[in-house]
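K.L.:
Sequence:
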Amino acid sequence: MSSTAPQLGLRTLPKPMLQKPQDCFDLWREYDTIQHVSEEVEKKRQKQDKAEKYRQALDLQMKQAQAQREAEDVEKRRDRANMLAEMERAQSAATEELQKQLQKKEMLKEATAQQLVRAERHKRSAARRALRDQEAMDRTLELEEQFRQQELMERQRRRAVESQLMKTQFDMSQAMQERMKREEKEEDNQRALEWMRATSRPQDAELPGGMLHKIRENQKRVDTLVGTIGVAMVERQRAQDGVPQGCEAGKGRSRCSRSHWAMPRRRSPSRSDSRRRSPPRKSRKESRSRSAPRKGGRGGGGGEAKDEKLGPPLPEWGSIGIIQELKAAGIGFIRPHSGKVDDKDLFFHKSALKNSSFDALQIGDECTYEAVLDEAKGKAAAKNIVLKNGAPPRRGGGGGGGGGRDDSRDRRRR
Numbered sequence: 013m014s015s016t017a018p019q020l021g022l023r024t025l026p027k028p029m030l031q032k033p034q035d036c037f038d039l040w041r042e043y044d045t046i047q048h049v050s051e052e053v054e055k056k057r058q059k060q061d062k063a064e065k066y067r068q069a070l071d072l073q074m075k076q077a078q079a080q081r082e083a084e085d086v087e088k089r090r091d092r093a094n095m096l097a098e099m100e101r102a103q104s105a106a107t108e109e110l111q112k113q114l115q116k117k118e119m120l121k122e123a124t125a126q127q128l129v130r131a132e133r134h135k136r137s138a139a140r141r142a143l144r145d146q147e148a149m150d151r152t153l154e155l156e157e158q159f160r161q162q163e164l165m166e167r168q169r170r171r172a173v174e175s176q177l178m179k180t181q182f183d184m185s186q187a188m189q190e191r192m193k194r195e196e197k198e199e200d201n202q203r204a205l206e207w208m209r210a211t212s213r214p215q216d217a218e219l220p221g222g223m224l225h226k227i228r229e230n231q232k233r234v235d236t237l238v239g240t241i242g243v244a245m246v247e248r249q250r251a252q253d254g255v256p257q258g259c260e261a262g263k264g265r266s267r268c269s270r271s272h273w274a275m276p277r278r279r280s281p282s283r284s285d286s287r288r289r290s291p292p293r294k295s296r297k298e299s300r301s302r303s304a305p306r307k308g309g310r311g312g313g314g315g316e317a318k319d320e321k322l323g324p325p326l327p328e329w330g331s332i333g334i335i336q337e338l339k340a341a342g343i344g345f346i347r348p349h350s351g352k353v354d355d356k357d358l359f360f361h362k363s364a365l366k367n368s369s370f371d372a373l374q375i376g377d378e379c380t381y382e383a384v385l386d387e388a389k390g391k392a393a394a395k396n397i398v399l400k401n402g403a404p405p406r407r408g409g410g411g412g413g414g415g416g417r418d419d420s421r422d423r424r425r426r
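Counting the sequence shown from 1 gives a position; the working numbering is that position plus 12.
It cannot be assumed that every hint is accurate.
To be verified - Calculated cross-link-like contacts (lysine to aspartate or glutamate; reagent style EDC-like; alpha-carbon spacing at most 16 Å):
1. K356 with E337
2. K352 with E196
3. K400 with E382
4. K356 with E199
Keep in mind the hints are simulated off the structure, nothing from the lab.
Every value quoted in this text rests on a predicted model; they were computed, and no experiment measured them.
With the sequences and hints as input, model every part of the structure.
P.N.:
In structure tokens form, the structure reads like this:
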């Protein structure tokens with residue numbers, strides 16, 4: 013059948029292509045194609061513009077380089093002309109300077125010749141003056157030597173006289189110092205004896221009928237009452253309260269049960285009756301305040317009665333000085349920083365020390381004090397002496413005389 017188709021004169025038609033309707037993707041593809049073509053055209057145009065600008069810039073640079081070379085050539089020609097002119101001016105100036113130097117040399121030569129003539133003339137006149145001065149100097153030296161010999165003889169004579177006078181004065185001074193030392197030693201011994209006699213006498217308060225004597229008597233009675241009635245009352249109260257035997261000792265208290273010590277104590281009528289019958293006892297605080305004046309009574313350290321006996325102050329002795337001299341009898345002397353008064357040092361007794369003992373004192377120790385008039389002797393004395401580098405004062409006074417016995421009694425009361 014296929015062989016007969018050409019014979020029949022039939023022709024075959026191409027198969028029509030199927031076309032789908034345009035959609036958004038086709039439109040996008042077409043838009044992208046147009047956009048790509050326009051971008052390529054724009055890039056080509058920009059490249060041409062850039063090449064044109066680059067060519068114009070190169071032409072401008074070549075023109076500027078040509079103009080700069082021409083300007084440099086002109087500047088070089090101008091500099092060369094200036095250099096030639098400067099060389100000509102320098103050459104002419106050098107010629108003028110050479111002429112001036114030649115003229116100056118001639119003038120200096122003439123001036124030097126004149127100066128030599130004047131110097132020769134001055135030299136001859138100076139030689140004449142030097143000869144006259146030498147003759148005058150020789151005469152002056154002879155006169156000075158004569159005067160020096162006379163002055164030396166006079167000085168030797170005067171020195172011999174002064175040496176004799178100084179020897180006589182030294183002998184007199186030595187004799188006077190020996191006499192003054194003997195007088196001071198006798199006066200110190202007399203002061204020490206007077207002070208020892210004054211301190212050995214008992215105070216008015218310690219005599220029978222005095223305040224300290226009454227306090228001691230009352231204290232003895234109080235100690236007797238406490239040692240007799242007080243102990244019996246405590247034993248009786250313990251028996252009434254039912255205190256166990258093991259708790260009476262010092263270590264037994266820790267072995268007692270807590271329930272026993274927590275029980276309230278009852279006061280028996282017998283105890284209250286005995287307290288009513290016994291005289292009222294003084295409290296411990298009151299007894300200490302009553303016995304306070306006894307501390308340091310003999311040493312004179314810090315009692316109120318001792319402060320009341322201070323005489324009128326003597327400001328001319330100052331308030332600060334150094335230990336100058338120490339005696340074996342418990343006395344010494346202080347040298348004020350302002351110096352001696354009436355050529356004497358300030359007297360003190362060991363009872364006036366506040367923060368140190370007399371045995372710990374050393375010559376040269378610095379201290380503060382109160383200078384008062386000792387009305388009993390009519391002389392100046394130092395009170396309330398405090399060493400600057402001394403130990404802190406002991407309880408009960410600074411004199412160290414009678415405070416130890418009262419302190420031990422206070423400890424027994426506690």
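K.L.:
State the violated hints by number, sorted upward, taking the hints as numbered earlier in the document.
P.N.:
Every hint satisfied by this model.
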